[in-house]
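Spelled out, the chains give:
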Amino acid sequence: MRSKRDKLFLLSLLPLSLSLLAILIISIITMVLKSVDALQRFGFQLFASSGWSPENEAYGLLAPIVGSLTVSALAVLTALIFSLPLTIMIAEYLQGIVRGVVSSIVELMGGLPTIVYAVWASQYLVPLLKQFLMEPLHSALPFIPLFSCRPVTGFSILAAGISIGISTVPYVTALTLEAYQSIPSIYREACYGIGATRYESIKIMISLAKPAIVASLILGFARALGETTIAAVTVGNSMYLSSCLFAPGYTVAALIASQFADAYLYPYAESVLYVSILIVVLISVALSFYGSTTMIRWRSRIIV
Amino acid sequence: MYSWRMLREKLFTCLIAVLSLLAIVPIVHLIIAVLINGFTVIAKAGINFFTNLPPAPLSREIGGIAPSIIGTALMTIISLPITVVLALFAAILTTEFPRNTVSIIIDAVAKSLASIPTIAVSMIVFTLIVMPMKGFSALAGAIALSIIALPYAYTYFSTALRSIPAMYREAAFSIAMGRWGAVMKVLIPIARRSIAVGVLMTIARIMGETAALLFTAGRFRTGVSFSPTSPADAIPLLIFDYILSPYETWHQVAWGAAALLLLAYIVLFFATKLIVKEVKL
Amino acid sequence: MFAVEMNNVSVYLGGRQVLKGVTLRVPYNTVFVIMGPSGSGKTTLLRVINRLIDLTEGARVEGSVKVLGFDAMSYDPYELRKLIGMVFQVPNPFPHLTIYDNVAVAARINGVAKSRREVDEVVRWALERAMLWDEVEDRLHDYPHQLSGGQRQRLCLARALAMKPRLLLLDEPTANIDPVNARKLEEAIVSLKDEVTVVMVTHFPHQAARVADYVAVLYDGRVVEQGPAQQLFLRPTTDIAQKLLRGEM
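Chains as they are written, first to last, in our numbering: chain A, 1 to 304; chain B, 305 to 585; chain C, 586 to 834.
The hints are simulated quantities; they were obtained by calculation from the structure and are not laboratory data. No residue lacks a Cβ here, since even glycine has one placed at the ideal position from N, Cα and C. Incorrect hints may have been included.
Stated by the list, open to error - Interface residues of chain B toward chain C, partial, derived using beta-carbon atoms under 7 Å:
| no. | residue |
| --- | --- |
| 1 | C318 |
| 2 | T459 |
| 3 | E474 |
| 4 | I479 |
| 5 | A480 |
| 6 | I494 |
Just chain A, with the same shape it has in the complex (with noise of 0.2 Å):
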């Protein structure tokens, strides 16, 4: 049931607001048009090799692609090991204050331009990195393949993870405090009823979050695939596709941040720029979705 008014209000509105989907759906087949030409020229090759000669059309989008999961996979094992102690910690052990400090800081963080954490991980984190963490590892695991290189620069797929870990802590935090939070209350009350400690009861609440942290992890990944700044700075920018993580190497976002400007000057430089990038999208894209919609069917299940 809608008057006149309503309908003219509701068609005042459209324009500006379809210009969204219009964004959406201009962009979609931009990148769609553009890749058509390097996926009909290379078919499934460019998804089996690794290279990039434009001189010689050349191209293989392997390493780059391995390189963008891997540092993904990398950053969200980073993120969970900082996010769930801290959302334990805020939610659980701070009160007043400190809280209010401790969570403050978390937001201060998830804001920040992320050049600047570019610039801090590549000037202190990536040798600290390497000096504490690489070598190490190197010296006491060389048989392990993923710690099978000796790290020569410190800038390497490891590097990248853990620095775009770093930068996801705050929004993996924030999802999962929020998750964390809006258990209804009877349930902790339940737990200290049957005498349970505060070790055992935040173990069962950690069980009843479960879906929404592994929810959270999947939107901190798909932000993490496409982390461009960080990712160019640390990662080492080099095509060559190792097993081992203090090798340098490429991810989609670093690859196009260094070649895409000139990539128009070569044919279809930039057609496989776009079929990278698209990949990527599609990906980020889905598990956004998956990502949110699985979070959403977990809070309608928890709150009673």
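Following the hints, complete the assembly by docking chains B and C onto the known chain A.
Relative to the frame of chain A, chains B and C by itself:
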């Protein structure tokens, strides 16, 4: 005598404390390191840091980042109104007609836009705007920034509008306000603080973005340009290029610029905290 | 002629039928009280009269509703609402406007007053009629959160009156305020009926007895009894009305 259960309790608490501390330490170190390094550089360069052009790679002088500061300001000024208006319209639509099909689509579109990597937006704007216009421009940069900030601002605004109790809308209509009247005279004024916070955070997002500008703004550093249609530089872009370069002087400039950006962000962040604190309904 | 005339009105919210064929006549310049247990559809009935029901997505109204001689279902609801003031269950003065502006905005929007002086006059008149003027006279530029709950509700009454409405809808206006303020509000309501017709929802039998000229009893979406207040209070014919008037429902 500790039982195993008690011991486990203590160990767990310690583990949580250590790991949370480890999570907080990087950001504290980051802020301190960037501010100290950066302001040492700025102090050395003096006022020139804000008024001069960037140095040659092997120069002893630090020079300044005037083109980047002006570029960032220019692109923020162009892109902010576009972003705010579009996001506000979309947010009004989806909160006023929450069950309408169009609203549901717009909401999903905003979510999808948010999950598109910013570098993809940079490529698309390069192809659709920079190429046809035959050159980089502040305008192209600003458009890319708007696309990136749109879903972000939309989320802030729609959350703000949705949090207004229904009784105020009813009151507005009960005194015969029209739809636009209710939005402009009641809903937006009631949510004004949250909307202001959204605008400030959108500014922070716009001025801090790097990847969106890589192939759109150009990197005009040999002079200061105020024209929207000519190439421009931006602070994040300068930092990105200089930190990747092998030159020590450029690294120093990057530190200075990073400190400036960080400071601007922190100021915006605390401004939002002050706004929220004053809330009184 | 009646101020409100409902014939066989049914309302569906989602799949649920909230009003089931309501027929109702409200004479001009009376206080018409609608009583009924919670969930009987009283609030929905009021919201049909000024078509606030439009705001509920998925609501459907059947039957004919005449308000002040207009066909409420086909008339422009925004024009219709200019003739009808409403006070809600929870006091809802606009939090971002001062006491003065809360009243003035209603007068301005409906063209009741234009010049500064006219607006001043209407604001004063409305606040006096709402029996709030003496309490806020020297703090007109304070904000509503500085008032007590009962004062806020009277401010809402003043806001509704500033439109110079011909019909006033009151949705359990005293449900959330203290007895002293409730009494003041009742006094204000009774004194108004020379100028406006009042339709009021309440579930306090004593309040109904004090203010009502006419009473309708609503139960499960149906009007089970309606008529002049005295007659209905002395000789309720239905079991439901008896229970309700004894305060047992």
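Structure-based check of each hint:
1. C318: This interface hint is violated because 46 Å lies over the 7 Å limit.
2. T459: violated (22 Å)
3. E474: holds (6 Å)
4. I479: With a minimum Cβ separation of about 4 Å from chain C (threshold 7 Å), the hint on B/I479 holds.
5. A480: holds (4 Å)
6. I494: Holds - the Cβ of B/I494 comes within 7 Å of chain C, reaching about 5 Å at its closest.
Of the hints listed earlier, those the structure fails to meet are numbers 1 and 2, in rising order.
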